[in-house]
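For reference, each letter of the sequence shown is one residue, going 1 to 731 in my numbering.
Check before you lean on any hint, since a few could be wrong.
[What the hints assert, rightly or not] Think about it this way: if two alpha-carbon atoms lie no more than 25 angstroms apart in a straight line, the pair counts; the simulated DSS-like pairs of lysine-lysine are: (1) K33 <-> K363; (2) K40 <-> K297; (3) K363 <-> K297; (4) K388 <-> K363; (5) K292 <-> K338; (6) K33 <-> K337; (7) K292 <-> K40; (8) K297 <-> K348.
[Claimed, not checked] Restraint-style ranges between C-beta atoms, simulated for each label pair: (9) T96 <-> N298: 48 to 54 angstroms; (10) Y341 <-> N114: 48 to 54 angstroms; (11) Q143 <-> Y341: 44 to 50 angstroms.
No lab work stands behind these hints, which were simulated from the structure alone.
Every value quoted in this text rests on a predicted model; they were computed, and no experiment measured them.
All C-beta atoms, glycine included, are put in the ideal place defined by N, C-alpha and C.
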Amino acid sequence: MIILNKTHLFSIGLFLLLQSLEFSQSRLIPFSKNDKIIYKEKILSMFYEAYNSYVDNAIEYDELMPISCSGINTWGTFSLSLIDALDMLAIVDNHTEFRRVAQHIIDTADFETNTNVSVFETNIRVVGGLLSAHLFSRRAGFQIENGWPCSGPLLRLAERVARKLLPAFNTSTGMPYGTINFRYGVPENETPITCTAGVGTYIVEFGTLSRLTGDPIFEEVALNALEALQRHRSKIGLLGNHINVQDGKWTATDAGIGAGVDSYFEYLVKGSILLQMPSLMEVFNYDYDLIKNYLRKNDWFIWVSMATGSATMPIFQSLEAFFPGLLTLMGDLDQAKKSLYNYHQVWKQYGFVPEFYDIVNGKHHKREGYPLRPEFIESVYYLYRATKDDHLLTIGADVVNSIYYSARTDCGYATIKSVSDHTIEDRMESFFLAETLKYLFLLFDEDNFINEIGSFGTMIELENIRNFKNKHSCVVGSGGYVFNTEAHPVDISALTCCDRYYGRELDFFEDNVDLYDLFIRKPIKRKEELSFTSDIHSTSENVEYFDVIQTTPTISSSSISTTTQEKHSDEQILLATKTKHQDESSQTELEASFSQEIYWNVNEPESTNSFHTPIYVLKTENETHCSQTTINKNYPFISNDEHLTGVYSAVPSKSSIEIKPDSILINRSTMVIKTININDNKTSDSDQQKFDSHAENEEKIHDHHYGDYELLKCPSQSFFIRLSLYGQMFE
Numbered sequence: 001m002i003i004l005n006k007t008h009l010f011s012i013g014l015f016l017l018l019q020s021l022e023f024s025q026s027r028l029i030p031f032s033k034n035d036k037i038i039y040k041e042k043i044l045s046m047f048y049e050a051y052n053s054y055v056d057n058a059i060e061y062d063e064l065m066p067i068s069c070s071g072i073n074t075w076g077t078f079s080l081s082l083i084d085a086l087d088m089l090a091i092v093d094n095h096t097e098f099r100r101v102a103q104h105i106i107d108t109a110d111f112e113t114n115t116n117v118s119v120f121e122t123n124i125r126v127v128g129g130l131l132s133a134h135l136f137s138r139r140a141g142f143q144i145e146n147g148w149p150c151s152g153p154l155l156r157l158a159e160r161v162a163r164k165l166l167p168a169f170n171t172s173t174g175m176p177y178g179t180i181n182f183r184y185g186v187p188e189n190e191t192p193i194t195c196t197a198g199v200g201t202y203i204v205e206f207g208t209l210s211r212l213t214g215d216p217i218f219e220e221v222a223l224n225a226l227e228a229l230q231r232h233r234s235k236i237g238l239l240g241n242h243i244n245v246q247d248g249k250w251t252a253t254d255a256g257i258g259a260g261v262d263s264y265f266e267y268l269v270k271g272s273i274l275l276q277m278p279s280l281m282e283v284f285n286y287d288y289d290l291i292k293n294y295l296r297k298n299d300w301f302i303w304v305s306m307a308t309g310s311a312t313m314p315i316f317q318s319l320e321a322f323f324p325g326l327l328t329l330m331g332d333l334d335q336a337k338k339s340l341y342n343y344h345q346v347w348k349q350y351g352f353v354p355e356f357y358d359i360v361n362g363k364h365h366k367r368e369g370y371p372l373r374p375e376f377i378e379s380v381y382y383l384y385r386a387t388k389d390d391h392l393l394t395i396g397a398d399v400v401n402s403i404y405y406s407a408r409t410d411c412g413y414a415t416i417k418s419v420s421d422h423t424i425e426d427r428m429e430s431f432f433l434a435e436t437l438k439y440l441f442l443l444f445d446e447d448n449f450i451n452e453i454g455s456f457g458t459m460i461e462l463e464n465i466r467n468f469k470n471k472h473s474c475v476v477g478s479g480g481y482v483f484n485t486e487a488h489p490v491d492i493s494a495l496t497c498c499d500r501y502y503g504r505e506l507d508f509f510e511d512n513v514d515l516y517d518l519f520i521r522k523p524i525k526r527k528e529e530l531s532f533t534s535d536i537h538s539t540s541e542n543v544e545y546f547d548v549i550q551t552t553p554t555i556s557s558s559s560i561s562t563t564t565q566e567k568h569s570d571e572q573i574l575l576a577t578k579t580k581h582q583d584e585s586s587q588t589e590l591e592a593s594f595s596q597e598i599y600w601n602v603n604e605p606e607s608t609n610s611f612h613t614p615i616y617v618l619k620t621e622n623e624t625h626c627s628q629t630t631i632n633k634n635y636p637f638i639s640n641d642e643h644l645t646g647v648y649s650a651v652p653s654k655s656s657i658e659i660k661p662d663s664i665l666i667n668r669s670t671m672v673i674k675t676i677n678i679n680d681n682k683t684s685d686s687d688q689q690k691f692d693s694h695a696e697n698e699e700k701i702h703d704h705h706y707g708d709y710e711l712l713k714c715p716s717q718s719f720f721i722r723l724s725l726y727g728q729m730f731e
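Between the sequences and the hints, there should be enough to build the whole structure, so can you do that?
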């Protein structure tokens, strides 16, 4: 439904004129404390308008339709906006409503239905939202158990949902399918094509889940998927947009930082910070060098061919506006400011950021809507926290006023159909509550606990945690939060309360394997040996291969079941390396295929540097995330001479070398062979004993190699000191 009249058009023109004049003058006037309070209260009022309209008109549906005052199911049938908005209630200190809604979700959420859902969206919105709410539950006065934050009803619900997603990772590459059925697993006719973000956006939620529950399977499959992406880079190192998760062929070959790729980069940085894995940051730094060399043009980031690095689309996408925030997080403030300035010019041009913007011609390109996205204000928030530049508050005020005057309806806030005339359509996505209003609120609420710089924390004692007989003390709420890509905050310090009690498999894996070397497929040595073989072709005797899943019982091929949309018994296995397209006789061939170094040759017809029609066109109007230097010698991309056109081959290179059958790659593949009883998904909230069944009976001390992270030793350090791993944010 579209609303437009002459009065509306006049109001838009007048508003943009006043906004422009206001902007030109306000840069000289610093924001007072009272100004911040006024905008904070205005944003809070906007949140309650939207939230109450959803609760009153659409609580049984995923999203609100703010023009017709009704609801619609979009990503599932589980009151998605309610789950997505739950942690926001804690952030604005509405603890009474938080407790009411949390209990309502626990009592009514049904994840056993015959429903197909997006693996990516369910992870970032549902699993991420439940984990964040669980970590806020103590602060909000919600029921907690003696083992909190390592146990609790919201945590068990998040674990239950995540286990429903695990069968999607049952592919020959370890990269997940895009869709899962809550009851039956991967749909029988599910496409194997998944976007890069849909492969690489799990380590924050799944890593958090593993650290809190003690079950390593979640972190393992997330790392396994990331590692698989590294093995499918082009010969110049770039990653494409969409890939076949069964055969490793790229089906969309544009490389960029926007739709379909964006949160892959985000999770390398945030996963590194959250889980204390410097190797993930090293991978991001490698990717960032490629971005600067091939994608960056005048502080914009364009789309290029992953094969040649030549330009394919001189387009800025609204989803790309997250990148200055990510650069701020890892310390590149100069580039963050320059890119954010470009994006703000687009905002001033229209009052919003269109989905596609033609950089060359300076106008929106085909897709001119704005579904109340958060990415632009997300970057403003990060940069303001780092610089305290009042001009960023002025930009935030621009965003608040644009949304309030152009998107507001009687039942909430509507998607902008066209940034040209500010017509609206009948949809309010859940991320408006979960992200857009959250970042705006935190921008102006200086004293919010999320913005705490680590001057204090809360000491808690845990009892009866994973059969550990003695009490265990730890600090929570010490001022360090990592937001997932749906803006659900994770308290870093809370994870350290639980991860000392890991099971053997992940403990052994992290203690012995350097992930960066794993990603570039180096022969693996023990960390104590300090030096690594520099040549991947080397097979010197000082290299020691070893089995990272030595404690995992062997599972015969006869015990492996598929996960197609056919009914199975509760005792069948939900996750295995054997895929639904593969009969048991081919299992040996699959294992043999991992005994070779596999590199992918990328040869496209040569293109000029001039812009041409893109070969990849985004499909939906409401797009989601899943939507000149030499190569670093540490990344030995070897390709054969076979000419391939259109897609990228998963055929082993003739120049590949063989590695030992017991090598790390086979182990990373078979690491995800895990027997999971469906009954585990139905654990009652009061069944503490079953929840703790993953743990070992002995105490495990897991130090996470703190020497690699000098800044992360103290849980009470300043938030931005801890997060600024590669740059200084403060004087």
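Each hint, compared with the structure:
no. : hint                              : in the structure
1   : K33 <-> K363                      : 37 angstroms, violated
2   : K40 <-> K297                      : 36 angstroms, violated
3   : K363 <-> K297                     : 17 angstroms, holds
4   : K388 <-> K363                     : 31 angstroms, violated
5   : K292 <-> K338                     : 13 angstroms, holds
6   : K33 <-> K337                      : 24 angstroms, holds
7   : K292 <-> K40                      : 36 angstroms, violated
8   : K297 <-> K348                     : 21 angstroms, holds
9   : T96 <-> N298: 48 to 54 angstroms  : 50 angstroms, holds
10  : Y341 <-> N114: 48 to 54 angstroms : 49 angstroms, holds
11  : Q143 <-> Y341: 44 to 50 angstroms : 47 angstroms, holds
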